[in-house]
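Single-letter residue listing:
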Amino acid sequence: MPSKYMIHTKPVPNRFEPVSRSGIIAWEEGCLKCAVCVKKRCIYDVYDKRGIDSRHMIESIDNLCMNCYRCVQNCPKELIHKSLNPEFNAMGDSHWSPPIIVRLWKQSQTGKIPVSGAGYPGPFSGPGFDSMWTDMSEIVRPTRDGIHGREYISTAVDIGKTPEHLMFNHSDTLEGEVPSIIDIPLPILLKMPSFGTISSNTIKGWAMGARRLGTFIALPMEKIDSALEDMGGWLMPLVLPKGTSIGNIPKNAKIIEIPWTEEWQGVVEDIKGCFPNIFVSIRIPMAEGMDEKALSLARGGISIIHLEGSLMSRFMDDNTRNLKDGIRSVHMKLVEENIRDGVTLLASGGLAMAEHVAKAIICGADTVFVDFPILIALECRMCRRCTKGLSCPVEIDTASPNWVASRVVNLIGAWHNQLIEVMGAMGIRDARRLRGEVGRAMFFDDMDRAAFESMGQVEEGCELE
Amino acid sequence: MSSQNGFQFPETVRTRSRFRNPIGKFRVNRTDDCIACGKCVEICPYGVHVERRGQVFVENNYLCVGTECPEPCYKACPVQALSVRRNPVFDTLGDFRWTNELLASTWYMAEFGESPSAGLEYKVGNSGGGFDKLRLIFNGNRSRLEDIPDDDIDVSLELNRRDDNAYRIRIEVPVYGGGMSYGSVSVTTMVSRARAAAALGTLSCTGEGGYPDELKPYDDHMITQVATGLFGVKEETIQRVKIVEFKYAQGAKPGLGGHLLGDKVTPGVARMREAVVGYPLFSPFPFHSVYSVEDHKKHVDWIKAINPKALVSVKVSTPTDVDMVAVGSYYAGAHIIIHLDGSYGGTGAAPDIAKKNIAMPIEYAVPKVHRFLQEEGVRDKMTVIASGGIRTPHDVAKIIALGADGVCTGTADLVALECVRCQNCESGRGCARGIATTDTELSELMNIEWGAQRIINMYLAWRKELIRILRKLGMKSIKELVGRTECLVHLDYM
Ligand code: SF4
Ligand code: SF4
Ligand code: SF4
Ligand code: SF4
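Line by line, the protein sequences are chains U and Y.
For what it's worth, our numbering labels the leading residue of the first sequence as 1, then goes sequentially.
For what it's worth, our numbering labels the leading residue of the second sequence as 1, then goes sequentially.
Here chain U stands alone, though its shape is the one from the complex (with noise of 0.2 Å):
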């Protein structure tokens, strides 16, 4: 058994004041100056800790209160209000929604799971990997110790073509050339996002998290500059075929990824005659024609196809159709056709929060890329000023590279122990185990279909309540 994968985090704290989504505010006017304002009664020390005289008028949205509304039901003349902070829910939009971006901040400050008290808050369900449930096992799985420690959950999958059998000659060792692999600790590579007022020191940040991670980043070939230098062997470069010479692969690259061309073939075979040992992937856009797209590599000796979704975790060419169907459709033509074991597939677009994880892995992917979580990570608003031209707010570009990687450490350490958990849940005890596993999963339209499809009947005159 492999010594055990842990992420080291510690707390990183903040550079920006975080937005919230409501905040406190209390009036002055016909202020009684109780003996002990209400103020001071806060729990959690939300006046004091703002360091102004508690009876002075404050408007403020801030994220130090905690919704007890205690201030607010017992002030006698009713001056302390909450109310919504129309910055808030102005973050984002459907797919980043203002609630993930403010988890993906907090998980990076923090490293550390989401817990909270009280039931589930949110909808019942939703669009794409929203709209699956994962098991779990009554009885028989890894125990809770498992999660806690003592028994171990694998979540290392491998990169390239397995072997589909292992021949030993007679003195039992191993006969023939065993392909090679890359072995990554956990499903996750990095994937630079197409926008974000992004510097040479935000991709050092990165580049020094995939390190500390054990995994990739991905990125433009033109992307890569002399601070990297010494990065080659965590950098998985995206190689034009026209564009970019083949010469500037950093000389220690061990993966690198060429977009798909009808040509593919000729361009592996020039990257190949100078890195005969690199590893290629071929990303396909997630769209009309990928299962033939991925057959065929998959057919013409490609080991790792990278099926690449949008930034909303949809088709490139339609916004009806989400990752999860495109997966599972590549997936399964890969099964049907007796050729899924020889490649990985990777999976991008997205994905936002770390049940995204496990859930695209169910549904067939071996490993996930996380693209604007690693921005996010960096207090990003998701606003696309950036794509305007217009400065950034939280002035991203200005963050040192230590505090860069440090963040997304703490993002994906608290995303790994949450695949963790949820394979716990699901008694299972390898992340490789865990590919294609939709018995696993219960999906939205089959189990609303099973159980109320049979409720539509309304006869005339019938009342509703």
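Below, computed lysine to aspartate or glutamate pairings styled on EDC-like, alpha-carbon distance capped at 20 Å:
id, chain 1, residue 1, chain 2, residue 2
1, Y, K133, U, E463
2, Y, K133, U, E465
3, Y, K133, U, D445
4, U, K293, U, D318
5, Y, K356, U, D130
6, Y, K472, U, E460
7, Y, K216, Y, E236
8, U, K112, Y, D263
9, U, K40, Y, E441
10, Y, K356, U, D446
11, Y, K472, U, E463
12, Y, K133, U, D446
13, Y, K234, Y, D220
14, U, K40, Y, E444
15, Y, K133, U, D130
16, U, K112, Y, D352
17, Y, K133, U, E459
These are computed hints drawn from the structure, not numbers from a lab.
Everything numeric in this text was worked out from a predicted model, so none of it was measured.
Chain Y with the ligands: place on chain U using the hints.
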């Protein structure tokens, strides 16, 4: 008020909020133009305005029904001194499952013992699926039993379905209190729930944190839990009760066991659980001694040896094969109650990823289990109890129509005690409102008389609502509703 079986229900006693300013949906504003004519005091049917010493005040803002008011004061005021607007604080409250309207209407029920008559949506939340997309359907032609008195409509539930020598236990409402441990909630909260359960002729459960002596007077109305941590489980505690519940899993954190943060392990909690102050406590998962139905049977036998007449309940969560789990526990024999805890249920602390993603919602699990037990021919030998996101009497009626016999509640009780769903039960000293805490100072924010009466009122309101629903369905007993899916429509399949 008494049931068909002669049980005497307690009276509603109006029980106001513990806080000076209850939060409502609307706010009424009175300007200095008010001439204290008293018109508003006279016409407001909800008692929002009061007159004192020649002056008129807005005293009960939270009772205002705003735009739904039939004869609003702000129109009747001769000098236009009044205005009503939505309370911005109200919009900061609540979530998809427990909307601000459901919170406020539950508070209303806990104060008045009835459903709010106007202004609040008290039947469904806003989760966009499951209960919130299901509606009860009433056939216009069916006889509606209009003239039958409330007390002749039976909402009680017999828990022992087998002809054996075990206790016969009937609960007078089809609802009992789900397990909440000492440690996750205060003793005051536990005793309030137990006292309310006793008054209502139903049950309450200790959870897995031991059996505090304060619950002694309610032993006949307690279920004690044997969970994987075996905290506080003793022969004596098993013998004190009529029902023992095996907790295999909890819906909010299925497959993950329990976790009590170190901060909550106060000296009292440590004593009860035979643990060390300040150290976090883990309930392992699963039962390390149970890996098969036979192992489970051994556990049941062990309980029966200690307390031969006890009923045994098995609390499980909702995996893909929940139907097999249910039938498996039937064949382990001896026990009668299968308690399904759906994935959207409450908790004192759980990883968010587990609450949202692991296991299936109760609305799917119940029909699946009900059908399977029917096919196996054992449905009428078991009592199926559902929990995990039951918020309202309408949820109760819906889940029974989907195939449950009755339900367990947890969060609803806490909301009756003025929980605001802030989700901070697990952090630091625990609940700032004194409900889910072991901190002595915070626990004193509430007292047992108040707590018990609030819960009693809420359930009396639920009972009235269930009776009203049954009457409209033309049913004289809630047993007739079990599995009657034709009483439901789902808005997506209409
Ligand atoms: S609502 Fe509660 S946490 Fe927030 S400031 Fe008031 S007392 Fe403090
Ligand atoms: S915060 Fe806004 S401007 Fe800055 S990187 Fe993020 S999207 Fe771009
Ligand atoms: S609007 Fe109606 S309910 Fe509200 S205070 Fe005026 S009279 Fe009362
Ligand atoms: S801490 Fe908040 S959610 Fe928990 S019981 Fe108290 S009020 Fe309710």
